[in-house]
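Protein chains: 2
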Amino acid sequence: MIDRLTEKIRETNAPVVVGLDPMLSYIPSAIQEKAFEEYSETLEGAAEAVWTFNRGIIDAVYDLIPAVKPQIAMYEQFGLPGLAVYKKTIDYCHEKGLLVIGDIKRGDIGSTSSAYAAGHLGKVQVGSALIAPFDEDFATVNPYLGSDGVRPFLEVCEKEKKGIFVLVKTSNPSSRELQDLECGGKTVYEHVAMQVAEWADTLMGKEYSLVGAVVGATYPEMGRALRSMMPRSFILVPGYGAQGGKAADLAGFFHPGGLGAIVNSSRGIIAAWKQEKYASFGEDGYAAAARAAVLDMIADIRSAVR
Amino acid sequence: MIDRLTEKIRETNAPVVVGLDPMLSYIPSAIQEKAFEEYSETLEGAAEAVWTFNRGIIDAVYDLIPAVKPQIAMYEQFGLPGLAVYKKTIDYCHEKGLLVIGDIKRGDIGSTSSAYAAGHLGKVQVGSALIAPFDEDFATVNPYLGSDGVRPFLEVCEKEKKGIFVLVKTSNPSSRELQDLECGGKTVYEHVAMQVAEWADTLMGKEYSLVGAVVGATYPEMGRALRSMMPRSFILVPGYGAQGGKAADLAGFFHPGGLGAIVNSSRGIIAAWKQEKYASFGEDGYAAAARAAVLDMIADIRSAVR
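Line by line, the protein sequences are chains A and B.
According to numbering that gives the first Met the number 0, the first sequence holds residues 0 to 305 in order.
According to numbering that gives the first Met the number 0, the second sequence holds residues 0 to 305 in order.
Just chain A, same shape as in the assembly:
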């Protein structure tokens, strides 16, 4: 999958991923009303609104980008109907030729991480059948439990040729509280980065490793340092746009030539219609607004990353 990601970034010339993190407040009221008419104000109604909204966004942007990143929490908050739409979204994106990065941030002790890895990236054995329950192409993984919580993901990646992005330095303001603690001359996130680099060496694709890292756009100086600490890992960069990260800050996350990182924007794209800049699209034009915002984001990133 990492080879397909690289290939698709070259094809689109867009190291950009759209975060499909729908909140109901991003969804035009006409879509919500129609869903609530059919399913009432229930979890099913909310899920239907999310699904209609997502389909509109995907149809509008799929030809411009290599991948999407649905944030599972935004679906899980609507219970089982929400998670059904998470799965429908994965399948629909695959139909459209998009790679799917499941932003699940799972991580647990070994046997439990094995279950997450099988459920999201691999297959579970049911009697004599092997079934892929969620079937994302990539997943994000939390490293707090140490290597035995990550290893099951590595095993599944190797078997299925899928990939992970391990949380190294997250984009949120309080990420410093734990991740920036200094331990023996290195921060916690640098310790994690060193582990990522080791794992990455053991699971190489053609150019990049199946083991990538998450490093927030909001910490550009760390991005540059982490780029060189994890030379074979793709970096998934959240925090561009709505969270404050700017294109000029992004160059250090990439290798010369513009590979090695992929930048996510969620709210800035899927809720573009709510920004003054794209207000002329109106509520009904939310998908066209998203397309315009993706084109602007691609141009912005191309201007800073060469």
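Simulated from the structure, these hints should not be mistaken for lab results.
Using N, Cα and C, we set each Cβ at its ideal position, and we do this for glycine too.
Every clue listed holds true.
Listed next, the stretches of chain B that the computed footprint assigns to chain A, with coverage defined by at least 3 CB atoms under 8 angstroms from CB atoms of chain A:
{"hint": "1", "stretch": "100–107"}
{"hint": "2", "stretch": "138–149"}
{"hint": "3", "stretch": "176–184"}
{"hint": "4", "stretch": "190–202"}
Negatives, chain A to chain B, calculated, CB over 10 angstroms:
{"hint": "5", "residue": "LYS7"}
{"hint": "6", "residue": "TYR61"}
{"hint": "7", "residue": "ASP200"}
{"hint": "8", "residue": "GLU220"}
{"hint": "9", "residue": "ALA247"}
{"hint": "10", "residue": "GLY257"}
{"hint": "11", "residue": "SER279"}
{"hint": "12", "residue": "ALA287"}
With chain A held as given, fit chain B onto it using these hints.
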């Protein structure tokens, strides 16, 4: 909920939680075969087997214990049908008067953690309706993203009178890799424990805080130190039994009098029928074997904790 937990521990005199972490290999073949006959070897078939198995265990042990801890990964691995059984299990345990600790280990940036907190412990707003999607009583939370990833859970706990257990020191062997790093004279897990203690002070029940911690039974010397660093927090203790933790190691996790901690066993209870000690129950007697194992565990812990 923390007051109800304390009350129920006093009632049952059993600071014990049964981990409902079903793997198919724990489930007697007759149950699997019956489920596969009805649903074939599908995710639905696996989920049905898990549900039948869980119901048997719950019916056999609910009067002995205050709470259960379903590990969501074990359900999530079977996709949507698996997650439907996770929800059915929560509801069934509530019917039986059990408290439910959702072992979800979620944690993300603020807005995303809000979605997890609402989905699992709180309510989501859909139009004018407020709906509780999963409705566990407690959830486990991962602290790697710092306080802005935990705060949304605190807000929901305050509003709904629910509780969380923050991962401080996990029971697995490689938990030391990150959690034991020394930073400024304290380990990472001690830094987390200090934060837990602060959060705990702001959200008190009658005797204990709504904010608890996870500390593995496999690290008894740390249990004692962490008990005094987080005086108002309940400690959820995994790792007893199958993972190697012994009752004699547990005293330090408790306050004098036997409150302040709750010990989990998963495999050691729900797969008791596979142990030599309980083999005489046979496959059909898996639930009775689980009851015998719970009674043995309670006696074992009472002998060490007074």
